[in-house]
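In my numbering, the protein residues as written are 1 to 86.
These are calculated hints, taken from the structure and not from any lab test. Any given hint could turn out to be false.
[Said to hold, decoys possible] So the derived label-pair ranges between C-beta atoms look like this:
(1) G72 - S11: 52 to 58 Å
(2) G77 - F15: 19 to 25 Å
(3) V20 - R81: 31 to 37 Å
(4) I62 - L22: 19 to 25 Å
(5) A21 - D71: 36 to 42 Å
[Stated by the list, open to error] Straight-line alpha carbon distances no greater than 30 Å define the calculated DSS-like cross-link-like pairs of lysine-lysine that follow:
(6) K35 - K68
(7) K68 - K45
(8) K35 - K67
(9) K35 - K45
(10) K45 - K67
Glycine residues also receive a C-beta, built at the ideal position from the N, C-alpha and C atoms.
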Amino acid sequence: MIIWDSFQSESWAIFYGAGVALIASIAVLLIQAIKRLHDIGLDWKYALYLLIPPPINFIGFIWLAAKKGQDGPNEYGPDPRKTDIV
1 MIIWDSFQSE
11 SWAIFYGAGV
21 ALIASIAVLL
31 IQAIKRLHDI
41 GLDWKYALYL
51 LIPPPINFIG
61 FIWLAAKKGQ
71 DGPNEYGPDP
81 RKTDIV
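All chains, full assembly: derive it from the sequences and hints.
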């Protein structure tokens with residue numbers, strides 16, 4: 001009965017709003033992880049491991065942050081650390 005009463009109130013909007021925000025933040029996080037994987041020279045499929053619940057995904061994000069990217073261009077584009085600005 002308590003669950004039914006909570007759906008009758010205005011809290012459903014907060015619940016669905018939080019769900020949309022969660023899905024949006026996961027999408028942005030995966031997009032950034034894929035960009036980082038391309039900088040390292042790996043395929044986007046490795047980003048799927050980051051969807052595994054903690055602590056596996058936490059270790060994966062730490063690894064992405066600490067791993068040095070490839071020197072020079074790779075198959076995904078030019079080296080993002082190299083700039084032509086003097």
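Quiz prompt | Hint consistency between K68 and K45 [alpha-carbon to alpha-carbon, up to 30 Å] | solution = Satisfied, since the Cα-Cα distance of roughly 19 Å is no more than 30 Å.
Quiz item: Is K35 close enough to K45, meaning Cα to Cα at most 30 Å?
Solution: Satisfied, since the Cα-Cα distance of roughly 12 Å is no more than 30 Å.
Quiz item: If you check the beta carbons of I62 and L22, does the distance land in 19 to 25 Å?
Solution: Because 21 Å falls inside the window, the suggested range holds.
Practice problem: Go ahead and decide if the range 52 to 58 Å is satisfied by the Cβ distance of G72 to S11. | Solution: holds, 54 Å
Quiz prompt | Outcome of range test on Cβ distance (G77, F15; 19 to 25 Å) | solution = Because 40 Å falls outside the window, the suggested range is violated.
Quiz item: Hey, K45 versus K67, does the alpha-carbon distance stay inside 30 Å?
Solution: holds, 17 Å
Self-check item: Outcome of range test on Cβ distance (V20, R81; 31 to 37 Å)
Solution: holds, 35 Å
Quiz prompt | Consistency of beta-carbon spacing, D71 to A21, with hint 36 to 42 Å | solution = holds, 38 Å
Quiz prompt | Restraint status (C-alpha distance of K35 to K68 at most 30 Å) | solution = holds, 13 Å
Quiz item: Within 30 Å, alpha carbon to alpha carbon, are K35 and K67?
Solution: Within the cut-off at roughly 13 Å; holds.
Of the numbered hints stated above, the single one contradicted by the structure is hint 2.
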